[in-house]
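Novice: In case you want the letters, here they are:
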Amino acid sequence: AQSVAQPEDQVNVAEGNPLTVKCTYSVSGNPYLFWYVQYPNRGLQFLLKYITGDNLVKGSYGFEAEFNKSQTSFHLKKPSALVSDSALYFCAVRARAAGNKLTFGGGTRVLVKP
Amino acid sequence: EAGVTQFPSHSVIEKGQTVTLRCDPISGHDNLYWYRRVMGKEIKFLLHFVKESKQDESGMPNNRFLAERTGGTYSTLKVQPAELEDSGVYFCASSQVARTSEETQYFGPGTRLLVL
Chain A
1 AQSVAQPEDQ VNVAEGNPLT VKCTYSVSGN PYLFWYVQYP NRGLQFLLKY ITGDNLVKGS
61 YGFEAEFNKS QTSFHLKKPS ALVSDSALYF CAVRARAAGN KLTFGGGTRV LVKP
Chain B
115 EAGVTQFPSH SVIEKGQTVT LRCDPISGHD NLYWYRRVMG KEIKFLLHFV KESKQDESGM
175 PNNRFLAERT GGTYSTLKVQ PAELEDSGVY FCASSQVART SEETQYFGPG TRLLVL
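Those sequence lines, one after another, are chains A and B. The first sequence: position 80 = 80 (this note's numbering), numbered continuously. The second sequence: position 69 = 183 (this note's numbering), numbered continuously.
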């Protein structure tokens, strides 16, 4: 069975400071990893994904994530947070041999203060 | 290009009633998924259509839930009869790529269901 853990329910950061949202996963075999963001009253928006290759993945809105196989982590990062980055962030995993369904973490609420 | 759309955006019903949720995927997307988020917990997979066929329905909680995708376009998810624990946000997603390794699922805004 596959699972995703997002250990922080909420992350508070000052505007302009670096933002990190943590994600660890458990899956048999090699994973496909995803980050989605949900803004208030909106659906889930795709940010970025790791399939293979370079461990550092760049995505939308200046976000990036680093795949670390030894630590089974896929933390989301942004060098300089904006107030508009305040949202709910979800990490998801799909096992390569387990079909198409995504397994999500519980979500992390990010609050960027001016 | 229009995104995934879902109707209604909100639904409030009483226990025992029936509710039907609709999802229109992105045009040309053969893959359609239903997920739900209950009580602020994880988003959980319900089922996966490829065109009009159910590819994986392992996440359907019980036989009160019925999903259809007639003609391989839009999909409906019916809950009959609804129970209190069915309250949550129901998301639909679609994707185009046939090879799993390249697939990105694009999500709709969700339907908020409240069963009283």
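Take these hints with a grain of salt, some might be off.
[To be verified] Calculated cross-link-like contacts (lysine to aspartate or glutamate; reagent style EDC-like; alpha-carbon spacing at most 20 Å):
1. B/Lys192 / B/Glu217
2. A/Lys69 / A/Asp9
3. A/Lys49 / B/Glu166
4. B/Lys155 / A/Glu8
5. A/Lys58 / B/Glu216
6. A/Lys58 / B/Glu217
Don't read these hints as lab results, they were simulated from the structure.
Novice: Run every hint past the structure and note whether it holds.
Specialist: For each hint, the structure was consulted:
no. : hint                : verdict
1   : B/Lys192 / B/Glu217 : 27 Å, violated
2   : A/Lys69 / A/Asp9    : 23 Å, violated
3   : A/Lys49 / B/Glu166  : 27 Å, violated
4   : B/Lys155 / A/Glu8   : 13 Å, holds
5   : A/Lys58 / B/Glu216  : 16 Å, holds
6   : A/Lys58 / B/Glu217  : 17 Å, holds
Hint violations for this structure: numbers 1, 2, 3, all remaining hints satisfied.
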